[in-house]
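Participant: Sequences and hints are given; from them, build the entire structure.
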Amino acid sequence: MTSEEIIEKVKADQGEAIDSSEVNLGDAVIFIGKGSIHGVAEYLKKDPGLDFDYLSQITGADYLNEDREPRFEVVYELHAIEKNHSIRIRVGLDEEDPTIPTVSDLWKGALYPERELFDMFGFNVEGHPNLSRLIMPEEWEGNPLRKDYPLTIEDVTFTHNREFKQDLVKSKPPTR
Amino acid sequence: MTVTEQGLLEREKDSMTLNMGPQHPSTHGVFRVVLEMDGELVDSAEPHIGFLHTGIEKTSEAKRYVHVIPMTDRLDYLSPPGNNLAFCLTVEKLLQTNVPERANYLRVIMCELARMASHLVWLATHALDIGAMTVFLYCWREREMILDLNEEISGVRMMTSYIRLGGVAQDSTPGWLQSVRKFIEYFPAKIDEYERLLTRNPIWMDRTQNIGVMSREEAINWSMSGPILRASGVKWDLRKQRPYSGYENFEFEVPTGKNGDIYDRYLVRVAELRESREIVKQALKKLPEGPYKVDDNKISLPNRKTLKSSMEALIHHFKLVSEGVSVPKGETYVPVEGPRGEVGFYIVSDGSNVPSRVKLRAPSFMAIPGMCKMMEGCFIADVVGIIGSIDIVMGEVDR
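Protein sequences, first through last, are from chains A and B.
Note that the numbering used here numbers the first sequence so that position 25 is 25, with each residue one more than the last.
For the numbering used here, add 176 to where a residue sits in the second sequence, where the first one is 1.
Derived by calculation from the structure, the hints in this document are not laboratory data.
Heads up, the beta-carbon is just placed ideally off N, CA and C, and yes, glycines get one too.
Mixed in with the good hints there might be a few duds.
[Said to hold, decoys possible] Straight-line alpha carbon distances no greater than 25 Å define the calculated DSS-like cross-link-like pairs of lysine-lysine that follow:
| no. | chain 1 | residue 1 | chain 2 | residue 2 |
| --- | --- | --- | --- | --- |
| 1 | A | 147 | A | 108 |
| 2 | A | 147 | B | 234 |
| 3 | B | 234 | B | 505 |
| 4 | B | 434 | B | 416 |
| 5 | A | 147 | B | 505 |
| 6 | A | 83 | B | 416 |
[As the list claims (entries may be wrong)] Calculated from the model, a selection of chain B residues having no Cβ within reach of chain A, i.e. all distances over 12 Å:
| no. | residue |
| --- | --- |
| 7 | 202 |
| 8 | 253 |
| 9 | 270 |
| 10 | 278 |
| 11 | 352 |
| 12 | 362 |
| 13 | 368 |
| 14 | 369 |
| 15 | 399 |
| 16 | 428 |
| 17 | 458 |
| 18 | 489 |
| 19 | 497 |
| 20 | 560 |
[Unchecked claim] Facing chain B, according to a computed beta carbon distance under 10 Å, are these residues of chain A, among others:
| no. | residue |
| --- | --- |
| 21 | 24 |
| 22 | 57 |
| 23 | 61 |
| 24 | 73 |
| 25 | 79 |
| 26 | 84 |
| 27 | 86 |
| 28 | 101 |
| 29 | 109 |
| 30 | 111 |
| 31 | 112 |
| 32 | 116 |
| 33 | 137 |
| 34 | 151 |
Facilitator: Written out as structure tokens, the structure is:
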């Protein structure tokens with residue numbers, strides 16, 4: 001199916017769950033709320049006409065600098081092996097409650113990327129069997145891929161500029 | 177009764193916890209797995225990753241697009257051109273630019289050479305893990321030739337960074353093309369040599385057949401990709417399914433297996449060595465004349481000679497070197513077929529010259545949970561074979 005046909009079909013079947021949709025540079029993209037992600041994912045997997053049996057990846061994005069609501073986004077990339085088409089699902093997550101239900105019961109391949117979301121972005125993936133740090137050490141504090149997590153910082157041992165030092169302390173990443 | 181004896185009596189099951197890695201030679205880098213053993217059999221395997229975490233995704237958010245390319249080399253360090261290509265294709269898709277034909281052919285040649293080199297490293301180390309020392313030395317011999325070819329065209333043996341935005345770093349020379357031609361004429365006899373050592377070798381078959389089996393449904397559900405998926409009988413190759421960089425112009429087969437065991441993965445990868453060679457052969461034959469990068473001076477540097485005569489070229493040169501490429505706002509994902517499977521970058525651009533988010537979809541990373549599932553119920557000696565058959569590269573697992 002072409003991207004336009006996929007969107008048309010998804011809209012016809014799951015119209016109330018989908019906020020909006022677009023064909024972005026040739027790819028089918030749907031935007032949905034976090035409440036309906038599991039239902040839509042299940043529909044996409046089990047519908048015989050769409051048959052998205054392969055989860056390519058799940059990733060997060062932080063739009064802090066773009067000043068938009070909601071701040072975070074979780075992106076799912078799905079392929080259909082037999083039918084050879086793809087779809088991208090984008091789910092907005094607000095800053096106060098970055099909780100999203102797991103899809104690892106549908107695709108086992110979601111286990112690791114969802115743990116990575118927890119680790120790198122601090123999203124709470126509800127229903128995940130083993131939600132713990134994956135790449136960073138267990139005792140690490142903070143979520144490195146958030147935009148407000150500094151890229152690098154060095155300890156300032158001595159400065160006359162008290163305010164500057166205080167700023168640094170505020171933005172300093174927790175060390176082990 | 178001593179404390180130890182008391183402890184032994186209180187344990188429900190007589191199992192032993194065995195730690196393997198991160199410095200174990202067969203874990204291909206710094207992979208650590210904690211095995212719960214029931215005698216010689218593995219009850220459960222729990223992977224631990226992150227020992228090679230370098231923060232490349234975070235670092236990319238502070239680098240210009242052009243500066244990210246050398247970092248992508250370090251992700252899957254056995255096949256750098258594949259990563260360069262995935263990154264460049266994604267950015268080019270956002271820029272909505274098409275690279276010239278000749279650049280596409282050179283990209284394909286480099287990627288397929290890298291695929292061969294990567295599969296050779298895999299075959300060498302995998303065979304060594306299982307105990308076939310000779311294959312190791314033979315494979316290294318041929319890989320060395322590919323590294324020499326890399327050096328000749330890009331100046332670097334491994335981290336080539338040869339594929340750039342809008343084309344490739346520099347044009348090929350007739351001498352280099354001749355060297356590649358010589359290599360691909362020489363190579364098939366060597367693949368036969370490896371196969372003579374392994375394919376019908378009873379010890380090899382005994383150690384690999386019906387071990388680490390993954391069915392078609394499981395392989396799809398666990399998001400395995402590349403040769404592992406194909407060994408399980410799924411005919412899924414992004415070069416065929418989503419042709420990029422002109423792969424639709426080449427005739428090649430997609431080898432698949434039936435049983436999805438270690439032996440099938442071996443057969444699939446060896447067949448891929450031959451197919452890659454076939455693609456390079458066709459690419460050399462059809463290599464068109466023309467420019468090797470786009471003419472758009474907002475994406476690729478202007479010709480050095482024009483700098484002294486053209487003011488515009490000088491301005492473009494200055495702008496491109498000091499500011500870099502500005503990519504239109506948007507986000508996209510382009511998957512390509514790397515030696516290990518689907519490699520893809522999800523890039524979010526905020527319209528500036530620095531990416532807002534760079535995410536690598538790494539095939540090895542996605543394969544690790546499935547790999548640990550394969551280990552359950554197998555012998556401890558086969559764990560090494562299973563890790564080898566997945567061909568993990570920790571650079572792209574930990575990023």
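Participant: If a hint holds in the structure, say so; if it does not, say that too.
Facilitator: Taking the hints in turn, this is what the structure says about them:
Pair hint residue 147 of chain A plus residue 108 of chain A does not hold up; C-alpha atoms about 29 Å apart against a cutoff of 25 Å. For the hint pairing residue 147 of chain A with residue 234 of chain B, the CA-to-CA distance comes to about 9 Å; that is within 25 Å, so the pair holds. Proposed proximity of residue 234 of chain B and residue 505 of chain B is supported: the alpha carbons are some 19 Å apart, at most 25 Å. Between residue 434 of chain B and residue 416 of chain B the CA atoms are separated by roughly 20 Å; this keeps the pair inside 25 Å, and the hint holds.
Between residue 147 of chain A and residue 505 of chain B, the direct Cα distance comes to roughly 18 Å. Compliance with the 25 Å bound is thereby established for this hinted pair. Proximity of residue 83 of chain A to residue 416 of chain B is assessed by CA-CA distance (about 13 Å); at most 25 Å being required, the pair is judged to hold. Taking the minimum C-beta to C-beta distance to chain A, about 22 Å, the non-interface status of residue 202 of chain B holds against the 12 Å cut. With a least CB separation of 18 Å from chain A, residue 253 of chain B remains clear of the 12 Å interface cut-off, as annotated.
With a least beta-carbon separation of about 7 Å from chain A, residue 270 of chain B fails to lie farther than 12 Å from that chain, contradicting its non-interface assignment. No Cβ of chain A comes within 12 Å of the Cβ of residue 278 of chain B; the nearest lies about 24 Å off, and the non-interface call holds. For residue 352 of chain B, the requirement that its beta carbon stay farther than 12 Å from each beta carbon of chain A is met, with the minimum near 34 Å. With a closest Cβ-Cβ approach of about 36 Å to chain A, residue 362 of chain B is found to remain outside the 12 Å limit, as its non-interface label requires.
The beta carbon of residue 368 of chain B is kept farther than 12 Å from every beta carbon of chain A, the shortest such distance being approximately 33 Å. For residue 369 of chain B, the shortest C-beta to C-beta distance to chain A comes to about 35 Å, beyond the 12 Å cut-off, and the non-interface label holds. Not every CB of chain A is more than 12 Å from the CB of residue 399 of chain B (nearest about 2 Å), against its label as outside the interface. Distance check on residue 428 of chain B: its Cβ is at least 18 Å (rounded) from any Cβ of chain A, clearing the 12 Å threshold; non-interface status holds.
Remark: the non-interface label on residue 458 of chain B is consistent with the geometry, its nearest Cβ contact in chain A lying 23 Å away (cut-off 12 Å). Against chain A, the non-interface label of residue 489 of chain B holds: every CB pair exceeds 12 Å, the least being about 30 Å. Taking the minimum C-beta to C-beta distance to chain A, about 23 Å, the non-interface status of residue 497 of chain B holds against the 12 Å cut. With 12 Å as the threshold on Cβ separation, the claim that residue 560 of chain B sits away from chain A holds: the shortest Cβ distance comes to roughly 22 Å.
Hint status for residue 24 of chain A relative to chain B: holds, with the closest Cβ pair at about 7 Å, below 10 Å. With its C-beta approaching chain B no nearer than about 4 Å, residue 57 of chain A sits inside the 10 Å limit, and its interface hint holds. Interface hint at residue 61 of chain A: satisfied, since its Cβ lies 5 Å from the closest Cβ of chain B, which is below the 10 Å cut-off. At a threshold of 10 Å, the smallest CB-CB gap from residue 73 of chain A to chain B is about 9 Å, leaving the interface hint in force.
At its closest, the beta carbon of residue 79 of chain A sits 8 Å from a beta carbon of chain B; the interface hint therefore holds under the 10 Å criterion. The interface hint given for residue 84 of chain A holds, since its Cβ lies 5 Å from the closest Cβ of chain B, which is under the 10 Å cut-off. A distance limit of 10 Å between C-beta atoms decides the matter here; for residue 86 of chain A the minimum to chain B is near 8 Å, and the interface restraint holds. A distance limit of 10 Å between C-beta atoms decides the matter here; for residue 101 of chain A the minimum to chain B is near 18 Å, and the interface restraint is violated.
Residue-level restraint check for residue 109 of chain A holds (minimum Cβ-Cβ distance to chain B is 2 Å; threshold 10 Å). Annotation: interface hint on residue 111 of chain A holds; nearest CB of chain B at approximately 5 Å, less than 10 Å. With its C-beta approaching chain B no nearer than about 5 Å, residue 112 of chain A sits inside the 10 Å limit, and its interface hint holds. Hint status for residue 116 of chain A relative to chain B: holds, with the closest Cβ pair at about 8 Å, below 10 Å.
Here the hint on residue 137 of chain A is kept, as its CB sits about 7 Å from the closest CB of chain B, short of 10 Å. At about 5 Å, the closest approach between the beta carbon of residue 151 of chain A and any beta carbon in chain B falls short of 10 Å, and the interface hint on this residue holds.
The structure fails hints 1, 9, 15 and 28 (numbered hints given earlier, in ascending order).
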